[in-house]
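Use these hints to put chain U onto chain Z, whose structure you have.
There are 2 protein chains.
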Amino acid sequence: MNRVANTLISGLLLTTALSGTAWADDAKKDAVEYRQSVYQVIKGNFAPMAQVVKGEASYDADSFTLRAERVAALSKMALEGFIPETDMLSMDVKTGAKPNIWEEWDDFKAKNAALATESEKLLEVAKTGDLDKIKAQFAETGKTCKSCHDKFREK
Amino acid sequence: MNRVANTLISGLLLTTALSGTAWADDAKKDAVEYRQSVYQVIKGNFAPMAQVVKGEASYDADSFTLRAERVAALSKMALEGFIPETDMLSMDVKTGAKPNIWEEWDDFKAKNAALATESEKLLEVAKTGDLDKIKAQFAETGKTCKSCHDKFREK
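For the record, the sequence lines run as chains Z and U.
Numbering follows full-length UniProt numbering, with no gaps: position 7 of the first sequence is 7.
Numbering follows full-length UniProt numbering, with no gaps: position 14 of the second sequence is 14.
Okay, chain Z solo, but in the shape it has when bound:
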């Protein structure tokens, strides 16, 4: 899968190689919109799980597992939207992506991969239906969001 991820990212990098053209600007806007949309859909599935974990909504095993499955899949989609020159200082569209994402790319990639790893674990735990374990793993997954936001996202 790593090779595939690299192919997907290379495609986007190629697109921005023609920097300075309107076409490259469109590709950058598309990339920002893509990654923001991925996070929005993650949030849309994460929030109802949080309600269950906090006891604000009743636990339905199938729904919870489906949402965990979605987050696990979506967590692998955002990275390819972080093409170069799409930080908050370079873009005239709203993005909270700090320039240090590209300065510390390996760390950003690792934090991104941590979300994928922990949300895969959440999916596995969700399948057991053990709500105590689910709550614990949900917290671990949430920590990976915070860890990345704290360092790489403008408040």
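Please note: incorrect hints may appear among the correct ones.
Intra- or inter-copy, both count: the list cannot distinguish identical chains.
In silico lysine-lysine, BS3-like type, Cα no more than 27 angstroms apart, as pairs [as the list claims (entries may be wrong)]: (1) Lys29 to Lys54; (2) Lys29 to Lys76; (3) Lys29 to Lys94; (4) Lys43 to Lys94; (5) Lys143 to Lys121; (6) Lys94 to Lys127; (7) Lys109 to Lys121; (8) Lys151 to Lys127.
Simulated from the structure, these hints should not be mistaken for lab results.
What follows is chain U alone, placed relative to chain Z:
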């Protein structure tokens, strides 16, 4: 899965039951943003597949299959964002959702399900690596988008 889908939608409907409150307005905006994001991520994966089908990009079997897998998964996520009173006339956020979506809900649901069915078929065909069959099924999948947009989305 139908039961689960109904549970997810019921949750959203419950949220909007308290109509007229700021909370309900937030829920509606969230729902619009959610469905738009789902379609945006679909588009972000559909467009590179279209380039391959048109011969504008080279065919990489693994990447194509991964994108088909994503579209198949995402095609099942949008419907729950279409909660009542979130059409283009009711909302002050930008949406092209025509009011007839809710007047002809069964047809809208069927057109939505057609995308899921055809994109599942596309995923199956993608796995064969047979580019001719992939092109044919890609066209069938695209038709389900158009069929729904023509009737239910403002130009």
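What label fits Lys151 with Lys127 when the C-alpha limit is 27 angstroms: within, between, both, or neither? The answer is neither: 32 angstroms in one copy and 39 angstroms across copies each exceed 27 angstroms.
How do Lys29 and Lys94 come out at 27 angstroms by Cα distance, when the copy is not named: within, between, both, or neither? both (10 angstroms within a copy, 18 angstroms between copies)
Quick one: Lys43 to Lys94, C-alpha cut-off 27 angstroms, is that within a copy, between copies, both, or neither? both (18 angstroms within a copy, 20 angstroms between copies)
Cα distance capped at 27 angstroms. Does Lys29 pair with Lys54 within a copy, between copies, both, or neither? Between copies, since 23 angstroms is at most 27 angstroms while 36 angstroms is not.
Homo-oligomer pair classification [Lys121, Lys143; C-alpha up to 27 angstroms]: Answer is within; shortest intra-copy Cα gap is 13 angstroms, inter-copy 37 angstroms.
Under a CA distance limit of 27 angstroms, which applies to Lys29 and Lys76: within one copy, between copies, both, or neither? Answer is both: 20 angstroms inside a copy and 26 angstroms across each meet the 27 angstroms cutoff.
Taking 27 angstroms as the upper bound on the Cα-Cα distance, should Lys109 and Lys121 be classified as within, between, both, or neither? within (18 angstroms within a copy, 33 angstroms between copies)
Within a copy, between copies, both or neither: which one fits Lys94 and Lys127 at a CA-CA cutoff of 27 angstroms? For Lys94 and Lys127, the Cα distance exceeds 27 angstroms both inside one copy (37 angstroms) and across copies (38 angstroms).
In this structure, the hints that do not hold are numbers 6 and 8, in rising order.
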